[in-house]
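Chains A and B supply the protein sequences, listed in that same order.
Its first residue numbered 61, the first sequence is counted upward by one per residue in the numbering used here.
Its first residue numbered 141, the second sequence is counted upward by one per residue in the numbering used here.
Please note that a few of the clues may not be correct.
Residues from chain B that face chain A, not an exhaustive set, calculated with beta carbons under 8 Å [to be verified]:
id : residue
1  : P155
2  : G164
3  : Q180
4  : R181
5  : T192
6  : A199
7  : D203
8  : V206
9  : A215
10 : R217
11 : L226
Some residues of chain A that are not near chain B, with every Cβ distance over 10 Å (derived) [stated by the list, open to error]:
id : residue
12 : Y140
13 : S179
14 : P266
15 : V310
16 : G342
17 : R432
18 : F508
19 : H575
20 : I687
21 : L690
These are calculated hints, taken from the structure and not from any lab test.
Using N, Cα and C, we set each Cβ at its ideal position, and we do this for glycine too.
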Amino acid sequence: MSDCHGPATATLPLPEISGKQHIVAIVGPPNSGKSTLFNRLTGLRQKVANFPGVTVEHRMGRAKLGHLREIFVVDLPGVYSLQPRTEDERVTHDVLAGTMKGLPKPDAVMLILDSTNLSRHLSLAAPILSLGLPTLVILNMADDLHGRGGEVDAAELSKQLGAQVVLISASKGTGVEKVFEFLNAAPQHLPPKPPLLQLPVLQDVPKVRDWAANMSRRTNFRAPAPPLWTRRLDGIFLHPVIGPLVFLMVVVGVFQTIFAGARPMMDAVANAIQISGKWIEGTMPDNALRSLIVDGVWSGVGAVIIFLPQILLLFLFIGVLEDSGYLARAALIADRTMARIGLQGKSFIPLLSAYACAVPAIMATRTIENKRDRIATILIAPFMTCSARLPVYTLVIAAFIPEKPLLGPLFGTRAAALLGLYLLGFLAAIVTARLLKSTVLKSTRAPFILEMPPYRWPTVTSLVLRLIDRARVFLRRAGTVILAVAIVLWVLANLPLHDGHAPAIGESVAGMIGHAVEPVIRPLGFNWKIGIGLITSLAAREVIVGTLGTIYGIEGTTHSMGLQAALRQDLTPGGAAALLVFFAFAMQCMSTVAVVRRETAGWRWPIIQFAYMTVFAYVFAFLANRIVSLWF
Amino acid sequence: MQFPFNKTHESPAGPRNLTTLKKGETGILERIDMSDIDAQRLMELGFLPGHTVTRAHAAPGGDPRVFRVDGSEVALRRETAIHLILR
Numbered sequence: 061m062s063d064c065h066g067p068a069t070a071t072l073p074l075p076e077i078s079g080k081q082h083i084v085a086i087v088g089p090p091n092s093g094k095s096t097l098f099n100r101l102t103g104l105r106q107k108v109a110n111f112p113g114v115t116v117e118h119r120m121g122r123a124k125l126g127h128l129r130e131i132f133v134v135d136l137p138g139v140y141s142l143q144p145r146t147e148d149e150r151v152t153h154d155v156l157a158g159t160m161k162g163l164p165k166p167d168a169v170m171l172i173l174d175s176t177n178l179s180r181h182l183s184l185a186a187p188i189l190s191l192g193l194p195t196l197v198i199l200n201m202a203d204d205l206h207g208r209g210g211e212v213d214a215a216e217l218s219k220q221l222g223a224q225v226v227l228i229s230a231s232k233g234t235g236v237e238k239v240f241e242f243l244n245a246a247p248q249h250l251p252p253k254p255p256l257l258q259l260p261v262l263q264d265v266p267k268v269r270d271w272a273a274n275m276s277r278r279t280n281f282r283a284p285a286p287p288l289w290t291r292r293l294d295g296i297f298l299h300p301v302i303g304p305l306v307f308l309m310v311v312v313g314v315f316q317t318i319f320a321g322a323r324p325m326m327d328a329v330a331n332a333i334q335i336s337g338k339w340i341e342g343t344m345p346d347n348a349l350r351s352l353i354v355d356g357v358w359s360g361v362g363a364v365i366i367f368l369p370q371i372l373l374l375f376l377f378i379g380v381l382e383d384s385g386y387l388a389r390a391a392l393i394a395d396r397t398m399a400r401i402g403l404q405g406k407s408f409i410p411l412l413s414a415y416a417c418a419v420p421a422i423m424a425t426r427t428i429e430n431k432r433d434r435i436a437t438i439l440i441a442p443f444m445t446c447s448a449r450l451p452v453y454t455l456v457i458a459a460f461i462p463e464k465p466l467l468g469p470l471f472g473t474r475a476a477a478l479l480g481l482y483l484l485g486f487l488a489a490i491v492t493a494r495l496l497k498s499t500v501l502k503s504t505r506a507p508f509i510l511e512m513p514p515y516r517w518p519t520v521t522s523l524v525l526r527l528i529d530r531a532r533v534f535l536r537r538a539g540t541v542i543l544a545v546a547i548v549l550w551v552l553a554n555l556p557l558h559d560g561h562a563p564a565i566g567e568s569v570a571g572m573i574g575h576a577v578e579p580v581i582r583p584l585g586f587n588w589k590i591g592i593g594l595i596t597s598l599a600a601r602e603v604i605v606g607t608l609g610t611i612y613g614i615e616g617t618t619h620s621m622g623l624q625a626a627l628r629q630d631l632t633p634g635g636a637a638a639l640l641v642f643f644a645f646a647m648q649c650m651s652t653v654a655v656v657r658r659e660t661a662g663w664r665w666p667i668i669q670f671a672y673m674t675v676f677a678y679v680f681a682f683l684a685n686r687i688v689s690l691w692f
Numbered sequence: 141m142q143f144p145f146n147k148t149h150e151s152p153a154g155p156r157n158l159t160t161l162k163k164g165e166t167g168i169l170e171r172i173d174m175s176d177i178d179a180q181r182l183m184e185l186g187f188l189p190g191h192t193v194t195r196a197h198a199a200p201g202g203d204p205r206v207f208r209v210d211g212s213e214v215a216l217r218r219e220t221a222i223h224l225i226l227r
């Protein structure tokens, strides 16, 4: 499953590939070890890119071939055939045919197949060889094949196929030098000789399969014994009673880790940001530039970077689950429950991840092949209570709800309120999913098919590469979009200048904007100050806390009060309830909008989603204000 | 809304299909009663007429179920498995 996705998308400067550069494509079925080989060949010299106009991504990397020589390697989505039925297959087909925009036709192909499942995987050799490109056939997982008593004659297969064949283990690294040899000679490769067996009619799956069976028979392929450990482990993980318990433990473990486990690291990052901010403040003269850097940039960008440890931890978890093969089992167990809201098992892990942050969750939906299910999952993911809502919830709850024990000393009114908000988001997600799946995203009857890969040890390299890539993407966003917003906000809060001094917040441009939106948000019980917070929180939800802090800090009347006390001055209980409900439902997060745009390859879905969630939030915040105001 | 457990689909008099296989039982696939595109996808995963299919584990509650076919294991929902007819 880890083959066809993983790292996040980045724009690759494709013009780098000029006339002299050679490109070799890696093709193979899912779970054949494509990514592992790709990582072996390219290491950190890799990037993920999207082809223009399609949501399918491919990875591009440079393999070092000794003395300053490099070759481009492109890792294509995992496919079983080149019949262009799904988008993945179409992309792979177009790249290999040389008709993909933005990528020249590859000079050679590396076809990677799982040698333990050779009879079936060889089916892909037929359409690949018929392309007429120089081809290296890589039989992967040699260690597993031999370990389970299987055998194949690579030399004979090479003769039969009319192409070079190597037997390797990409995860152990054995035989990879032969792949490098092929890459080294890539410019001089000749097209393959025609295979000894006439290639079958490619559209006819049974015929292709017969051809593959014939091939493997002629090369003395002995299928390995069934994977004993996988069966044993499935006996536990898919046990009718123990299976769900393990599943529950995994879910709770993930949840606990992204909340409690990440906390010390997040605190450390927060401290580092605060201390470095203080240090900058101390070293710079008191002027506008200092204010811009400390109040604008440092606190704005810092508020987002705090989430880095949480995101990395989450991806470490997903990486282990996915590479080990457990994720497929989790999807199987979750499928029945997810089917009730019109989704499927593969939506489960992304939705769980969304409790940490919708951005990685939306990236994680790449495991869902069914496009409609994937979009539905993307559209409901931001309803899950992400960690950026917590600072807002904590502040408002602490300000308005007195702590009283409900069920014992550990579960009081405040915890209940927080739990209620989690439930609220969850319910909104279910309602939305049902709505989507019964209307615009009604599933095409495409059947739910889930392959159960054998269990394997995750490799440290692949986990580390994945984390580095995540961190890179996340920090790049913090350094661009969020930095820009922080600067713009700071400028708006400090203009127009009065006698060279920043204006009172109410008279600043930001304040004027707040006053301008006040009529719209007054029915929810919000005033202009909350209005500024709502606008700034479009960048990221938790920014409202900082914004309110700034506003109350600048303002005379609330200057000496704590944030909670100041908030009580400004909001009625009804308004507070409305604020909580609004934050539970609204899509106050530019990063999410950006990632949805990228993952759905267009503005259509993010715009619909943003409008829907905002209207949803407005309506329910209005109701919350009215209902709560009846009593308080 | 989907009813993955809607047993009314399963008529005992109907043709034997993948849902009638008990755990560990093996059958030989006769045909796939689905659209060409869906049938081709299933065939690429190993559900080929004339090949054997063995029922393996299942999700709690019995749906979806895992089938061993052509060297790999593939899970299908009941709503799909019912269209894979056995000899």
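Structure-based check of all given hints:
1. Look at B:P155: its Cβ only gets to about 18 Å from chain A, farther than 8 Å, so that hint breaks.
2. For B:G164, the interface hint is violated, the least distance from its beta-carbon to any beta-carbon of chain A being 12 Å, above 8 Å.
3. Contact between B:Q180 and chain A, as hinted, is supported at the beta carbon level, the nearest pair being about 5 Å apart and thus within 8 Å.
4. A least Cβ separation of about 7 Å between B:R181 and chain A falls short of the 8 Å threshold, and the interface hint therefore holds.
5. Taking 8 Å as the C-beta contact cut-off toward chain A, the hint placing B:T192 at the interface is violated, the least distance being around 13 Å.
6. The beta carbon of B:A199 comes within 5 Å of a beta carbon in chain A, closer than 8 Å, and the hint placing it at the interface holds.
7. Because the smallest distance between the Cβ of B:D203 and any Cβ of chain A comes to about 6 Å, under 8 Å, the interface hint for this residue holds.
8. The interface hint given for B:V206 holds, since its Cβ lies 6 Å from the closest Cβ of chain A, which is under the 8 Å cut-off.
9. At its closest, the beta carbon of B:A215 sits 4 Å from a beta carbon of chain A; the interface hint therefore holds under the 8 Å criterion.
10. A cut of 8 Å between beta carbons decides the hint on B:R217: the least distance to chain A is about 5 Å, and the hint holds.
11. Among the interface hints, the one on B:L226 is violated; its C-beta lies about 17 Å from the nearest C-beta in chain A, farther than the 8 Å criterion.
12. A beta-carbon of chain B is positioned within 10 Å of the beta-carbon of A:Y140; the least distance is around 4 Å.
13. Listed as a non-interface residue, A:S179 fails to keep its Cβ farther than 10 Å from every Cβ of chain B; the least gap is roughly 7 Å.
14. The claim that A:P266 is not at the interface with chain B is violated, since a C-beta of that chain comes within 10 Å of its own (minimum 6 Å).
15. Chain B leaves A:V310 outside its interface by the beta-carbon criterion, the shortest separation being 14 Å against a cut-off of 10 Å.
16. Chain B leaves A:G342 outside its interface by the beta-carbon criterion, the shortest separation being 60 Å against a cut-off of 10 Å.
17. Distance check for A:R432 against chain B: the nearest CB is about 13 Å away, which clears 10 Å, and the non-interface claim stands.
18. Separation of A:F508 from chain B is inadequate, the least Cβ-Cβ distance of about 5 Å not exceeding the 10 Å criterion.
19. Under the 10 Å C-beta cut-off, the non-interface status given to A:H575 relative to chain B holds; the minimum distance is some 47 Å.
20. At the 10 Å boundary, the C-beta of A:I687 stays outside the reach of chain B, the nearest C-beta of that chain being 30 Å off.
21. Its beta-carbon lying about 35 Å from the closest one in chain B, A:L690 satisfies the requirement of being farther than 10 Å from that chain.
The structure is inconsistent with the numbered hints 1, 2, 5, 11, 12, 13, 14, 18, although it conforms to all the rest.
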